[in-house]
Amino acid sequence: MSVVIQADQLTSVRAGRTLFAQLSLQLNAGHILHIEGPNGAGKSTLLRIIAGLLRPQEGQVRLFGQPQRDDPELWQRQTLFIGHKPAVKAELTALENLHFQAQLDGAGAIDPWQLLETVGLLGLEDIPAQQLSAGQQRRIALARLWYSPATLWILDEPFTALDTRGIDMLHQRFAEHLERGGALLLTSHQPLTWSGERLQKLRIEPQDEEFVDELS
Amino acid sequence: MWKWLHPYAKGEATYRLLGAWLPWLAGSALVTLTVGLVWGMLFAPSDYQQGDSYRIIFIHVPSAMFSMGAYTAMAITALIALVWQIRTAEWAIAAIAPVGAVLTFIALFTGAVWGKPMWGTWWEWDARLTSQLILLFLYIGVLALYYAFTDARTGAKAASVLALVGVVNVPIIHFSVYWWNSLHQGATITKFEKPSMAPEMLIPLLISILGFALLTGALVCQRLRNEILKQEIHRPWVHAQLGVAEQER
Amino acid sequence: MSLVETNSRCSNQASTFALLRVIMRRDLAVTLRRRSDVINPLLFVVIVVTLFPLAVGPGPDILARIATGVIWVAALLSALLGSERLFRDDYLDGSLEQMTLLPVPLAVLALGKILVHWLLSGLPLVILAPLCALLLKLPFEAWGVLMLTLLLGTPMLSAMTAIGAALTVSLGRGGALLSLLLLPLFIPLLIFAAAAVESTLVGTSALGQVLLLAGLMVLTLTLAPLAVAAAIRVSVN
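If you're matching them up, the sequences are chains A, B and C in order. Just so you know, this note's numbering puts 46 at position 46 of the first sequence, and the rest follows in order with no gaps. Just so you know, this note's numbering puts 5 at position 5 of the second sequence, and the rest follows in order with no gaps. Just so you know, this note's numbering puts 192 at position 192 of the third sequence, and the rest follows in order with no gaps.
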């Protein structure tokens with residue numbers, strides 16, 4: 001089983017507070033890694049570090065064995081990061097959003113209408129996104145999953161604001177992705193309705209100040 | 001373990017290094033400034049045209065020189081901070097900027113005071129004064145940006161980018177202001193066009209310049225030490241440092 | 001089927017420009033939906049220009065003398081007016097962090113944003129300039145040079161504004177701070193542009209000043225995208 005992402009000894013200090021220290025993880029193709037932990041434990045920070053948006057204070061992340069600094073382009077093409085913010089333009093319609101996003105992702109050949117139907121937004125295509133509900137906006141953001149060629153998906157709370165049908169739809173898509181040899185790294189406060197050995201869990205606990213003091 | 005400690009040890013090492021330099025810098029600054037200013041103010045001969053009012057150059061010239069110098073130094077540390085992500089360099093921006101701003105203000109103030117007997121007005125749109133005024137704005141901009149963020153690191157990085165943008169612009173601004181000045185005013189007295197300065201005036205001036213350089217260095221040194229303490233307040237070595245200081249008292 | 005193989009890297013300049021075009025088209029589409037953001041700064045310029053004759057009297061001597069200065073200062077202030085919006089929405093909705101993840105240099109995308117901003121703020125100002133010149137009784141022979149200075153100068157305004165906007169985007173309200181950061185940097189532009197029109201008015205050639213402005217514009221458009229990219233990276237953290 002090939003290793004997709006591997007993080008060694010990551011330490012992150014934000015605003016003078018140690019979020020996590022010497023955290024290591026490994027994710028193989030065809031697997032899901034579910035990051036758990038209370039609010040403020042650093043789950044989003046961890047995902048942002050792995051996506052390459054943040055640098056850890058210590059440690060490094062490898063994608064297919066390559067450190068990020070060696071080959072940033074590999075990361076940009078092989079990872080897909082969808083964060084809290086949906087990156088949906090409020091002024092543009094659902095259709096335009098899908099169209100531009102697909103082009104930015106290098107998938108200009110995708111039919112945006114098809115995509116619209118897939119994520120269940122058909123009929124809402126000419127309404128500006130700001131008039132759509134939070135769940136509908138999230139569907140626009142998540143539509144990228146249906147064409148993205150990236151191997152590693154990094155999703156921060158993907159189920160937020162989705163209804164049960166949306167959640168089912170997403171689960172189904174995750175299954176297809178894993179089937180194709182993709183890997184999935186996500187945070188979620190909702191329990192994953194996922195069974196089997198494909199699911200791994202990693203729990204982050206808030207660090208105490210004591211950790212710093214121990215060193216002296 | 002050492003690797004993990006390394007970035008934090010830097011602050012401590014720098015703090016101690018600066019602590020070792022500080023007495024020498026401060027001591028020599030005190031000596032050279034006393035010699036330079038007392039000589040300049042009391043013993044150097046009067047100017048045959050300007051009388052005693054020229055004596056303000058012993059403060060004006062060094063502060064104007066190092067107001068520019070401090071900006072360049074700040075931009076260099078900003079570059080280091082951005083390229084190598086060195087936190088001490090980020091803090092150095094906060095240490096240098098206020099010193100530079102105060103030097104700029106002193107240069108402006110003494111320039112205005114000098115302007116009164118020379119031009120008969122406190123403020124003249126003289127090229128030198130105008131570009132000092134703009135430099136003051138640039139300093140204030142960097143400081144305002146540095147302290148605008150709740151996260152100190154973001155503020156330091158944003159201020160670094162601005163300092164670099166500023167340093168590219170400073171020569172352009174300088175040139176444009178001089179050019180503008182030459183366009184609009186032909187008859188202003190240019191201050192330093194005297195072909196040569198008598199050695200009795202030049203030597204105390206040079207000593208004052210050296211004194212200001214040392215003073216600037218000492219102030220930046222102390223400010224950087226304070227900044228390191230402030231930023232690393234949660235680190236054990238700071239507790240130890242402050243604990244020792246309390247016992248000594 | 002391995003995903004790695006099917007997605008072999010195909011990075012080249014063509015894809016960089018393709019992405020640049022997409023970003024620019026999206027930006028244009030978004031900004032054109034918010035027409036008031038485009039029109040208000042222009043109205044601001046016209047109103048400021050209208051205020052001056054009321055303040056200093058309508059005599060052609062004084063108006064013609066201050067016309068260039070007034071138009072240019074109004075242009076600088078109007079550039080600040082809309083600047084906060086330049087990256088604000090992108091930052092809030094997450095598009096900005098997605099931009100940093102695209103497989104093209106961020107500076108190229110920053111240049112795209114600058115160009116779109118100029119198209120919708122600088123270029124209309126150039127077109128509006130004759131009206132302002134008319135209101136301020138600027139002699140007709142200087143109109144061309146005034147428009148030329150605006151044509152060369154407004155891209156610089158957009159570029160500098162983008163630096164300031166990218167630096168302050170993560171601060172909720174950056175308005176006053178932004179003017180503090182940017183206005184000193186606009187000074188050379190103001191000086192050379194005003195001098196170019198001035199020299200036309202006194203009957204000498206403005207070529208020197210215009211060339212200086214052109215040089216500054218090239219320099220600014222080369223370096224500013226790098227600064228904007230660095231500032232964006234600072235802000236999305």
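Quick caveat, the hints were computed from the structure, so don't treat them as lab data. From the three backbone atoms N, C-alpha and C, an ideal C-beta is built for every residue, glycine too. Where hints are given, some of them may not hold.
Output of the computed footprint for chain B on chain C, the stretches with three or more beta carbons under 8 Å from beta carbons of chain B [as the list claims (entries may be wrong)]:
no.: 1; region: 167–179
no.: 2; region: 187–196
no.: 3; region: 221–230
Which residues of chain C face chain B? A partial, calculated answer using Cβ under 8 Å [as the list claims (entries may be wrong)]:
no.: 4; residue: V56
no.: 5; residue: P60
no.: 6; residue: I163
no.: 7; residue: S205
no.: 8; residue: V234
Indices of hints not satisfied (ascending): 4, 5 and 7
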